[in-house]
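Residues in the sequence shown are numbered consecutively from 1, following my numbering.
It is possible that some hints are incorrect.
Here are the simulated DSSO-like pairs of lysine-lysine, each with C-alpha atoms no more than 30 Å apart in a straight line [what the hints assert, rightly or not]:
#	residue 1	residue 2
1	Lys203	Lys373
2	Lys29	Lys279
3	Lys29	Lys158
4	Lys279	Lys203
5	Lys203	Lys29
6	Lys158	Lys373
7	Lys203	Lys158
8	Lys158	Lys183
9	Lys373	Lys29
10	Lys373	Lys279
The hints are simulated quantities; they were obtained by calculation from the structure and are not laboratory data.
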Amino acid sequence: MDSTSLEPLPILVFTNIVMVGFLLLIGRKGLREPYALRPWRRVLMLSLMLLFCIFSFWGTDWFHYAEMYFNILYVNGFNTSLEPVYCFIATISSNYLVFRLIIWGTALFLLGLLFRHVNARTDLLLCIFCSVWLIYFGYGRVVMSYTLMYLGGAVMTKPVRGKVLLSLLLGGLLVLLSAFFHKSSFFGIALVLLAVLPRLLNKRTLVMLLMAYPLLILSVQLLLMQFMDTAFDSSDNSSYATAGQIYLNEDSDDIGIAYLLLLILEFTPYYLAAWIAYKANVVRPNAEGQRSEPMADSQGVIPEEPRTAEVPGDIRFFSRLLVYIVLVSSIFLFDLGANTLTLYIRFMMFGFIPACVVLAWAWEHNFYPRLVKYTFMAGLAGTAYALLYSFYVAYLGVAE
Numbered sequence: 001m002d003s004t005s006l007e008p009l010p011i012l013v014f015t016n017i018v019m020v021g022f023l024l025l026i027g028r029k030g031l032r033e034p035y036a037l038r039p040w041r042r043v044l045m046l047s048l049m050l051l052f053c054i055f056s057f058w059g060t061d062w063f064h065y066a067e068m069y070f071n072i073l074y075v076n077g078f079n080t081s082l083e084p085v086y087c088f089i090a091t092i093s094s095n096y097l098v099f100r101l102i103i104w105g106t107a108l109f110l111l112g113l114l115f116r117h118v119n120a121r122t123d124l125l126l127c128i129f130c131s132v133w134l135i136y137f138g139y140g141r142v143v144m145s146y147t148l149m150y151l152g153g154a155v156m157t158k159p160v161r162g163k164v165l166l167s168l169l170l171g172g173l174l175v176l177l178s179a180f181f182h183k184s185s186f187f188g189i190a191l192v193l194l195a196v197l198p199r200l201l202n203k204r205t206l207v208m209l210l211m212a213y214p215l216l217i218l219s220v221q222l223l224l225m226q227f228m229d230t231a232f233d234s235s236d237n238s239s240y241a242t243a244g245q246i247y248l249n250e251d252s253d254d255i256g257i258a259y260l261l262l263l264i265l266e267f268t269p270y271y272l273a274a275w276i277a278y279k280a281n282v283v284r285p286n287a288e289g290q291r292s293e294p295m296a297d298s299q300g301v302i303p304e305e306p307r308t309a310e311v312p313g314d315i316r317f318f319s320r321l322l323v324y325i326v327l328v329s330s331i332f333l334f335d336l337g338a339n340t341l342t343l344y345i346r347f348m349m350f351g352f353i354p355a356c357v358v359l360a361w362a363w364e365h366n367f368y369p370r371l372v373k374y375t376f377m378a379g380l381a382g383t384a385y386a387l388l389y390s391f392y393v394a395y396l397g398v399a400e
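Kindly generate the complete structure, drawing on both the sequences and the hints.
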């Protein structure tokens, strides 16, 4: 098969739009109390999710992976940036679709275990995930790393009853295993281990971190300069180094309005969800440990305040994790002497599973409901725009 013939045709991207439309239609009832789907709806949603991941034509990575897959199998001495585990999967796969089925099927299975384990309604998690973040889950192989490290963090912060030590060991093992599934996993692993530590994120530490932001930006700038000077010399033919050099040398000056709008819509939900996450992490239960209604002010207006008495430990973990991801990733939005927009995008993508968990818990417990609604609608708009933008770009590619 000639891999060069593979390209994102508009009709292929349109199938993804139809799939997401069906998922929204099937899962709409899971967004309402009692946040439960009928078994046939759940099975149909899971089947469509798997199909979407196998045939994720939007964007370009589906086609890039196809090209690498065929090169690994048929080009002797092909130098690939894929991790060894994916090269092994490629060699045992009968075809490219089986290759994707193994990777994304496993990732979806691990995500299902995560959704069943955390303190949030599974069907609600499923519906929010399909509405806002499924398209990004089906995009790159890094999802294997995501699901392993986040499932490990969830197991450590919500141990199986009566098996605390075993849960800690299993969770730690899953976090370490995630390092083998993507070269950028060090970023997520570091933040997962940081987020496991309780009570580290509070109002005082957040203020101190924001005050130190200029120093952090300068430090990252110096590290990047040293990295580019020492890692990318003319004798370095490493595929990893070459990929990193491409990321840092890409020209972002020609970003159009349409793509800029895509970035805004794509990442606004992360910042909104991070604020919800921060509030969930610092909220204190009342003395009785029960739900408390917000009190009206002197003018009789009831402010939007948290109405939940306690935030479970695993939800606090994902809350801290999301805040850390957003804060650290945002450093790469600044002028650091190299184009770091790609790093910003890649690092922010580590946040969509924690954001989904936090948003689902807040949705269920009526925690800042207005902001939760705005976050969900912004994410839904971002998903729709991303798919339509990909369809338009594919159309232009064919037209050319």
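Taking the hints in turn, this is what the structure says about them:
| no. | hint | in the structure |
| --- | --- | --- |
| 1 | Lys203 to Lys373 | holds, 25 Å |
| 2 | Lys29 to Lys279 | holds, 27 Å |
| 3 | Lys29 to Lys158 | holds, 28 Å |
| 4 | Lys279 to Lys203 | holds, 10 Å |
| 5 | Lys203 to Lys29 | violated, 37 Å |
| 6 | Lys158 to Lys373 | holds, 27 Å |
| 7 | Lys203 to Lys158 | holds, 24 Å |
| 8 | Lys158 to Lys183 | holds, 27 Å |
| 9 | Lys373 to Lys29 | holds, 16 Å |
| 10 | Lys373 to Lys279 | holds, 16 Å |
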